[in-house]
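Participant: Take a look at the letters that make up each chain.
2 protein chains.
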Amino acid sequence: MHVSPDFHQAVEFIGKRWTGAILWALSERSHYYAELTQVVPGLSDRLLSRRLRELEAAGIVERSVHAETPPRVSYALTEKGTALRPAISELRAWAQRWNGTHS
Amino acid sequence: MHVSPDFHQAVEFIGKRWTGAILWALSERSHYYAELTQVVPGLSDRLLSRRLRELEAAGIVERSVHAETPPRVSYALTEKGTALRPAISELRAWAQRWNGTHS
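Listed in order, the protein sequences are those of chains A and V. Here numbering that gives the first Met the number 0 is used: the first residue of the first sequence is 0, the next is one more, and so on. Here numbering that gives the first Met the number 0 is used: the first residue of the second sequence is 0, the next is one more, and so on.
If you're looking for bench data, these hints aren't it; they were derived computationally from the structure. For every residue, glycine included, the Cβ atom is placed at its ideal position computed from N, Cα and C. Mixed in with the good hints there might be a few duds.
[Claimed, not checked] Simulated DEER-style distance windows between Cβ atoms:
#1 V:67 with A:43: 49 to 59 angstroms
#2 A:48 with V:55: 32 to 42 angstroms
#3 V:46 with A:68: 47 to 57 angstroms
This is chain A alone, in the form it adopts within the complex (with noise of 0.2 angstroms):
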């Protein structure tokens, strides 16, 4: 049986450097842009403000502006996205237990 084209895409779109990282963190609350650059560290802010756009793009991240001053911006998985919980709880269970894929 061929493997289904959805399926490849979707595992390479989510294993994008730093896709991941930035689901786990939208995966348990939403967060405004700023707490992102925390939660990964290491991510430079064009990769992150260029994966955000990606992960809207597929209808799998919102974005909110908040009427304040300075206005700031946030971040929340939609339906799509939050679809995604239990594929994203099942793959840390197993890093978590098997402790990831060192070689």
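Using the hints, position chain V against chain A.
Facilitator: Chain V only, in chain A's frame:
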């Protein structure tokens, strides 16, 4: 809360080009090498071999040489690899329900 390094590493390992597709196939049943080249069309021999070596090194896949003429090599999930099935299954269900991550 910081993202777990084990999760971070695992999600990016599994999301490497073609690794998820190979895991999908092996989560169904063990495969001979030649069969794997069929289930993941477009994957070169060289990259398939590399990915299988990485999966072996991570303790997820085991290789068996069968005493036949000519000898054939098959690949199966280890206990650690089998433990990934629920995560793969959740991701399969998600990709099917939401048609992947197309923009």
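Participant: Evaluate each hint against the coordinates.
Facilitator: Quick rundown of the hints versus the structure:
1. V:67 with A:43: 49 to 59 angstroms: 52 angstroms, holds
2. A:48 with V:55: 32 to 42 angstroms: With Cβ atoms ~37 angstroms apart, the hint holds.
3. V:46 with A:68: 47 to 57 angstroms: 52 angstroms, holds
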